[in-house]
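Work out the full structure: start from the sequences and follow the hints.
Protein chains in written order, with the working numbering: chain V, 1 to 259; chain Z, 1 to 368.
Be a bit skeptical, because a hint or two may be false.
Claimed, not checked - Here are the simulated lysine to aspartate or glutamate pairs, DMTMM-like style, with alpha carbons at most 25 Å apart:
| # | chain 1 | residue 1 | chain 2 | residue 2 |
| --- | --- | --- | --- | --- |
| 1 | V | 145 | Z | 171 |
| 2 | V | 111 | Z | 331 |
| 3 | Z | 257 | V | 22 |
| 4 | Z | 263 | V | 71 |
| 5 | Z | 257 | V | 71 |
| 6 | Z | 240 | V | 76 |
| 7 | Z | 263 | V | 123 |
| 8 | Z | 257 | V | 169 |
| 9 | Z | 257 | V | 79 |
| 10 | Z | 177 | V | 16 |
| 11 | V | 111 | Z | 68 |
| 12 | V | 140 | V | 123 |
| 13 | Z | 257 | V | 76 |
| 14 | Z | 263 | V | 79 |
| 15 | Z | 180 | V | 123 |
| 16 | V | 196 | Z | 171 |
| 17 | Z | 263 | V | 124 |
| 18 | Z | 177 | V | 127 |
| 19 | V | 145 | Z | 245 |
| 20 | V | 111 | Z | 248 |
| 21 | Z | 263 | V | 121 |
| 22 | Z | 180 | V | 71 |
| 23 | Z | 263 | V | 55 |
| 24 | V | 3 | Z | 248 |
| 25 | Z | 257 | V | 189 |
No lab work stands behind these hints, which were simulated from the structure alone.
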Amino acid sequence: MSKRIDVSELNVYYSDFLAVEDVSITLDAKSVTAFIGPSGCGKSTFLRTLNRMHEVIPGARVEGRVLLDGDNLYADGVDPVTVRSQIGMVFQRPNPFPTMSIRDNVLAGVKLNNRRISRADADELVEKSLQSANLWNEVKDRLQKPGSGLSGGQQQRLCIARAIAVSPDVILMDEPCSALDPISTLAIEDLINELKDEYTVVIVTHNMQQAARVSDKTAFFNIAGTGKPGRLIEFAETATIFNNPGQKSTEDYVSGRFG
Amino acid sequence: MATLMTERKRSALTRGRLPKYTPYVVAGSAIVVAAALMALIGFNAFGWAVLSAVLFAAGNVASSAVVEGRRRATDKLATSLVVGAFLVALLPLVSVIWTVLVNGVPGLLTPGFLGTSMKGVTGAVDNASVAGHTQVLGGVYHALLGSVLITFWATLISVPVGLLTSIYLVEYSADNKFSKVITFLVDVMTGIPSIVAGLFAAAFFGLIMGPGTKTGFVAALALSVLMIPVVVRSSEEMLKIVPNELREAAYALGVRKWRTILKVVIPTAISGIASGVTLAIARVIGETAPLLVTAGFATQINSNVFAGWMASLPTFIYTQIMTPTSPSNPDPSAQRAWAAALLLILLVMLLNLGARLVARLFAPKTGR
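And the structure:
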């Protein structure tokens, strides 16, 4: 289960402030796409428009189209809740629910929506999700313990397990490794590589090596100056972006000359 | 060959410091000097203690200023002021608890005090017990029951209203005009004198049920007017500190907003909300004025909040002191009043301890 996303001429506003301008991009199914760019250039804002999470912030709105396998997320009458149940998200800081056990955290998407699930199915879902998040072996003996007792890296993998337990079509990751140590980062990067067999993965990262390691295609965003909107500068195969970029600013950024 | 350096007897690093025993010497001389001064102007223990403390602080600061320099002297002066303020603040509290304990324990320990009401206890009964030096009859059961029932109903009204208001303010209002008006009104409500709340409830029920309607429920309504703003405020603060990340995490799983609030936000904040509610109960259980005008005075057990006058601990204390059962022998009434006061303080203390317990029980576990 995996769908592609086609974005055309998308503008993102916070009230009157244009944060991201005129982005058109196609994210292929079963691939990993990385967004790179300097801080404040709108990568995360743009990522959040892909599952309508930006709407949580008062005053945020978009113009343009985002097609999930041809269905416009922003068409009239589309329920953002439906969109989010198909496009999952992993955040910068691990955020397991503190009131729930590890097992309940994985089942959160099911239980919070009051969907009935038999105990056997729940056990299977927990094991499968934790297996895919490479966390099963570390937590299988303490599934009833609180999720907040895990290490940062484990918590982040728990959040990934929670996101894939609702079997979304797309997984968005907003700097999933920025709060983690190199070992945990490696574990998550391995995980992303496995996830792309089944899901469309989009990852925002500040770490260019990480983008180079995990992604198939890379999008470079930039901003002309403070107060100006962020723009998509270049979008191409990851190898091309890093070895032979078409734009001068991309080359400057990936070679570390600015930003 | 390096020789091992021996430790110098008087370290250069502590030069210019007063020796450790200085405070004790200063304290001793302050007490003696204060005693001498008091002897001149007429001795009393309280003045002696205050004068000793002042002399001790002054001596400490002065000796430090001479030997140790300005910075340390200032430090000692500030320390003296802080400790002094703390003691002054503690004084009334200790005094109140001590007085109530001394006066209340005999009454509270009288057999039957907790289990009987004032029904049938007349001035003649009190006169007889004073004359015969027998135990004081009559008890507080009806008032205790009334306090518990009235507070229970007040809580039953206030918690849903207060909690839902705070949920609206934090989760739905997005700081619009309406929410600002609510917040302002809640603030005003916090400052309402409790007698006004009582008069409101009395007048309200006077309108719909006929004048002079006094029942436990009217009192509960009056108390809930006082309780709602406290519940709104404390729950609002608790909901506000639930990290937004948790809400977003739930939204990103395709969970609806109301379910997110019900199953993620409230469970995360429940320990704070519950202890806030408990503290609000502790706050209103001792209210007297609104009960005087809404519940009336009863001397017998009434467990129905919807009919008949109802006693409560604060009004029980008030009537026992102001209109003793036997005007010629007020001592039995005073004993009952002090015992009821002690009982009330114990209740409030238990509720406060309960609030802490509740906060700990419901707090999200972080165990590894």
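Each hint, compared with the structure:
1. 145(V) <-> 171(Z): violated (29 Å)
2. 111(V) <-> 331(Z): Given pair residue 111(V), residue 331(Z) is violated - Cα atoms ~64 Å apart, limit 25 Å.
3. 257(Z) <-> 22(V): violated (30 Å)
4. 263(Z) <-> 71(V): Roughly 31 Å separates the two Cα atoms, so the pair is violated.
5. 257(Z) <-> 71(V): holds (24 Å)
6. 240(Z) <-> 76(V): With a Cα-Cα distance of about 32 Å, the restraint between residue 240(Z) and residue 76(V) is violated, given a limit of 25 Å.
7. 263(Z) <-> 123(V): holds (21 Å)
8. 257(Z) <-> 169(V): This hinted pair holds, its Cα atoms lying about 22 Å apart.
9. 257(Z) <-> 79(V): holds (12 Å)
10. 177(Z) <-> 16(V): holds (20 Å)
11. 111(V) <-> 68(Z): violated (67 Å)
12. 140(V) <-> 123(V): holds (11 Å)
13. 257(Z) <-> 76(V): holds (20 Å)
14. 263(Z) <-> 79(V): holds (21 Å)
15. 180(Z) <-> 123(V): violated (47 Å)
16. 196(V) <-> 171(Z): violated (36 Å)
17. 263(Z) <-> 124(V): holds (23 Å)
18. 177(Z) <-> 127(V): violated (49 Å)
19. 145(V) <-> 245(Z): Judged against 25 Å, a Cα distance of about 21 Å means the pair holds.
20. 111(V) <-> 248(Z): holds (16 Å)
21. 263(Z) <-> 121(V): At roughly 22 Å apart (the allowed maximum being 25 Å), residue 121(V) and residue 263(Z) satisfy the hint.
22. 180(Z) <-> 71(V): violated (40 Å)
23. 263(Z) <-> 55(V): holds (21 Å)
24. 3(V) <-> 248(Z): holds (23 Å)
25. 257(Z) <-> 189(V): This hinted pair is violated, its Cα atoms lying about 32 Å apart.
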